[in-house]
Amino acid sequence: MEKFISHTGTVLPLRRTNVDTDQIIPAVYLKRVTKSGFEDGLFSAWRNDPEFVMNKPEHKGATILVAGADFGTGSSREHAVWALQNYGFKVVLSSRFADIFRGNSQKAGLLTVIIPQEKIEVLWAAVEVNPSLEVSVDLDAKNVRFADEVIGFEIDDYTRWRLMEGLDDIGLTLKNIADVDAFEEKRPSFKPQTLPARS
Amino acid sequence: MGKTLSEKIWADHVVRSAAGEPDLLYIDLHLIHEVTSPQAFDGLRLAGRKVRRPDLTIATEDHNTPTLNIDKPIADPVSKLQIDTLRNNAKEFGIRIHSLGDIDQGIVHVVGPQLGITQPGMTIVCGDSHTSTHGAFGALAFGIGTSQVEHVLATQTLPQSKPKTMAINVDGTLKPGVTSKDIILAIIAQIGTGGGQGYVLEYRGSAIRALSMEARMTICNMSIEAGARAGLIAPDEKTFEYLKSKPHAPQGADWDAAVEYWKTLNSDADARFDHEITLKAENISPFITWGTNPGQGAPLDGKVPNPADIADVEDRGAAERALEYMGLTAGTPFKEIAIDTVFLGSCTNGRIEDLRSAAQILKGQKIAPKLRMLVVPGSARVRLQAEAEGLDKVFLDFGAEWRQAGCSMCLGMNPDQLTAGERSASTSNRNFEGRQGKGGRTHLVSPLVAAATAIRGTLSSPADLN
Ligand code: SF4
Chain E
1 MEKFISHTGT
11 VLPLRRTNVD
21 TDQIIPAVYL
31 KRVTKSGFED
41 GLFSAWRNDP
51 EFVMNKPEHK
61 GATILVAGAD
71 FGTGSSREHA
81 VWALQNYGFK
91 VVLSSRFADI
101 FRGNSQKAGL
111 LTVIIPQEKI
121 EVLWAAVEVN
131 PSLEVSVDLD
141 AKNVRFADEV
151 IGFEIDDYTR
161 WRLMEGLDDI
171 GLTLKNIADV
181 DAFEEKRPSF
191 KPQTLPARS
Chain W
1 MGKTLSEKIW
11 ADHVVRSAAG
21 EPDLLYIDLH
31 LIHEVTSPQA
41 FDGLRLAGRK
51 VRRPDLTIAT
61 EDHNTPTLNI
71 DKPIADPVSK
81 LQIDTLRNNA
91 KEFGIRIHSL
101 GDIDQGIVHV
111 VGPQLGITQP
121 GMTIVCGDSH
131 TSTHGAFGAL
141 AFGIGTSQVE
151 HVLATQTLPQ
161 SKPKTMAINV
171 DGTLKPGVTS
181 KDIILAIIAQ
191 IGTGGGQGYV
201 LEYRGSAIRA
211 LSMEARMTIC
221 NMSIEAGARA
231 GLIAPDEKTF
241 EYLKSKPHAP
251 QGADWDAAVE
261 YWKTLNSDAD
271 ARFDHEITLK
281 AENISPFITW
291 GTNPGQGAPL
301 DGKVPNPADI
311 ADVEDRGAAE
321 RALEYMGLTA
331 GTPFKEIAID
341 TVFLGSCTNG
351 RIEDLRSAAQ
361 ILKGQKIAPK
371 LRMLVVPGSA
381 RVRLQAEAEG
391 LDKVFLDFGA
401 EWRQAGCSMC
411 LGMNPDQLTA
421 GERSASTSNR
431 NFEGRQGKGG
441 RTHLVSPLVA
451 AATAIRGTLS
461 SPADLN
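These protein sequences, in sequence, are chains E and W. Under this note's numbering, the residue at position 19 of the first sequence is numbered 19, and the numbers go up by one with no gaps. Under this note's numbering, the residue at position 4 of the second sequence is numbered 4, and the numbers go up by one with no gaps.
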């Protein structure tokens with residue numbers, strides 16, 4: 001997983017609340033066998049509408065999603081996070097996230113940042129006036145910056161450290177892989193192996 | 001203070017433990033199938049990682065494989081894609097695989113024990129909740145999600161927080177016609193589908209000791225239906241005897257060392273469980289489910305319950321909804337409920353003993369009019385063994401269908417499904433709405449009840465045949 005220290009990009013303003021994971025990535029896309037390529041399914045039901053904000057050329061290339069409250073509710077599918085990342089989003093800002101979605105996103109390296117709803121409104125308004133507005137999300141300094149605004153945010157130290165080090169669960173275990181090597185040295189020889197195959 | 005069995009196994013597998021973090025557990029065996037593994041392998045590929053221990057990993061195809069015409073290409077495109085992906089991943093990462101048509105193919109939880117790679121004192125995981133089956137050997141075995149599958153593939157370990165322990169004592173002698181399936185259904189009806197949440201269940205007592213290894217697997221298999229993380233039974237002479245002839249059993253000096261270790265695998269006399277319950281074997285009779293979760297069960301001698309008699313408001317509401325879905329009227333004797341389809345199979349009851357016990361009842365009998373019966377062995381080897389004993393003839397003469405090995409009608413993921421409104425008596429483990437096909441109605445039963453039901457056409461036990 002990529003390290004996240006700070007990121008600067010443009011914004012997709014998604015003026016909707018309660019965006020559930022079925023809307024982020026509908027169930028029909030779950031039959032796939034990969035972790036990548038889900039960008040085509042992202043918000044697919046809404047993308048049929050040419051007026052949908054994601055279809056507007058001025059928001060092409062946006063990497064920061066700014067959504068209404070209660071983003072990511074519904075089923076626990078990790079595909080929702082993959083779809084956002086596959087499309088190119090690095091950060092999602094909202095005033096409230098569903099717990100499981102937030103947990104999944106932090107494990108996969110998608111930064112979810114909580115800022116007050118009034119600041120979300122300010123940001124939406126600013127982007128609607130100027131779609132190429134540059135916004136910086138700084139995990140090191142724990143703030144979001146655009147124009148003259150500096151908005152601080154909270155994140156627990158452990159998650160922040162993992163994101164800044166680029167460590168997913170596997171990466172974390174691999175940091176301690178010497179312990180695994182040592183354990184394997186002492187495993188009894190009678191423990192079964194699947195290879196070579198006997199039948 | 002002494003340790004419980006699961007605490008001993010846990011302690012023997014802690015690779016690393018640090019305050020405030022879950023323990024990092026070493027995993028002795030990782031079982032894989034086509035449904036929950038594709039993204040795990042893709043994750044490895046994206047990160048440029050390898051499988052750490054292909055020699056502790058094994059794959060089989062089971063969940064969405066057909067049980068007819070297995071020599072033809074798989075018709076369903078999603079199933080075909082998942083199976084092709086598993087085959088390619090196994091090849092790319094050097095993992096042993098038993099594909100459709102292979103003699104060691106079958107349901108992942110039938111294949112492990114039959115190869116002898118399921119042994120006492122191991123940690124075993126699989127991206128499937130019924131991994132608890134392997135607990136019958138005194139192994140700590142539990143189901144995991146796809147990101148955990150990836151974690152185990154990459155590191156052969158898993159961060160886990162320690163479960164609580166519950167002892168379930170079943171003492172006494174079972175009445176004739178009562179099986180381990182009835183024991184576990186009775187336990188779940190007593191403690192509820194959430195009663196085991198956060199616990200590892202240890203089944204103990206003279207009635208458990210008296211069970212065969214295969215019967216023990218049936219009990220441990222359904223631990224998950226009580227919400228438990230895992231279920232296990234301390235190994236004994238029966239366990240060792242069962243393993244001795246298996247292909248992957250330890251050999252020579254290793255066998256002796258293994259048995260010596262296995263003999264230490266029981267809960268110490270002074271061990272303390274976080275919770276304990278006791279059942280008398282004599283009080284258990286053939287059990288069935290009437291509702292849409294495995295806890296909604298009752299003795300077959302009884303009647304469909306009246307929701308109005310249920311004190312708990314939530315349970316009452318659940319019972320009302322269940323009866324509506326199941327198309328049942330309160331007060332109907334269970335034995336008057338007519339069945340359309342009988343399914344004998346699954347990782348709960350698809351082993352050779354299950355087939356033998358059903359065949360014994362079906363021999364010389366004829367299937368009830370308009371009823372269909374599917375007999376699906378849990379593995380290709382179970383199928384061959386049954387054929388060597390002539391059981392296939394018994395089933396076919398009776399009027400049942402004799403299929404190839406797989407999960408089949410346990411879940412509506414392959415072509416073997418119930419149609420809407422169709423009612424089954426099924427030896428599988430889940431009676432959830434739609435589990436066996438959209439709108440299908442499932443009654444969970446033992447193989448003996450399945451057989452008697454197929455003869456009479458209504459829910460029945462062998463005692464009703466006389
Ligand atoms: S038989 Fe049923 S419960 Fe067992 S592994 Fe297959 S689908 Fe799961």
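Heads up, a few of these hints could be off.
What the hints assert, rightly or not - Ranges between beta-carbon positions, derived for each pair:
hint: 1; chain 1: E; residue 1: Pro196; chain 2: W; residue 2: Gly145; range: 26 to 36 Å
hint: 2; chain 1: E; residue 1: Leu172; chain 2: W; residue 2: Gly94; range: 51 to 61 Å
hint: 3; chain 1: E; residue 1: Asp20; chain 2: W; residue 2: Asp270; range: 48 to 58 Å
hint: 4; chain 1: E; residue 1: Arg145; chain 2: W; residue 2: Ser129; range: 21 to 31 Å
hint: 5; chain 1: E; residue 1: Leu195; chain 2: W; residue 2: Gly192; range: 35 to 45 Å
hint: 6; chain 1: W; residue 1: Gly145; chain 2: E; residue 2: Leu195; range: 52 to 62 Å
hint: 7; chain 1: E; residue 1: Leu195; chain 2: W; residue 2: Leu46; range: 21 to 31 Å
hint: 8; chain 1: E; residue 1: Asp40; chain 2: W; residue 2: Ser212; range: 49 to 59 Å
hint: 9; chain 1: W; residue 1: Gly439; chain 2: E; residue 2: Arg145; range: 54 to 64 Å
No wet-lab data here; the hints were simulated from the structure. Here a beta-carbon is modelled for each residue, glycine too, at the ideal position from N, C-alpha and C.
Hints, one by one, checked against the model:
no.	hint	result
1	Pro196(E) with Gly145(W): 26 to 36 Å	holds (30 Å)
2	Leu172(E) with Gly94(W): 51 to 61 Å	violated (25 Å)
3	Asp20(E) with Asp270(W): 48 to 58 Å	holds (51 Å)
4	Arg145(E) with Ser129(W): 21 to 31 Å	violated (46 Å)
5	Leu195(E) with Gly192(W): 35 to 45 Å	holds (42 Å)
6	Gly145(W) with Leu195(E): 52 to 62 Å	violated (25 Å)
7	Leu195(E) with Leu46(W): 21 to 31 Å	holds (25 Å)
8	Asp40(E) with Ser212(W): 49 to 59 Å	holds (52 Å)
9	Gly439(W) with Arg145(E): 54 to 64 Å	holds (55 Å)
Consistency note: the structure conflicts with the earlier hints numbered 2, 4, 6.
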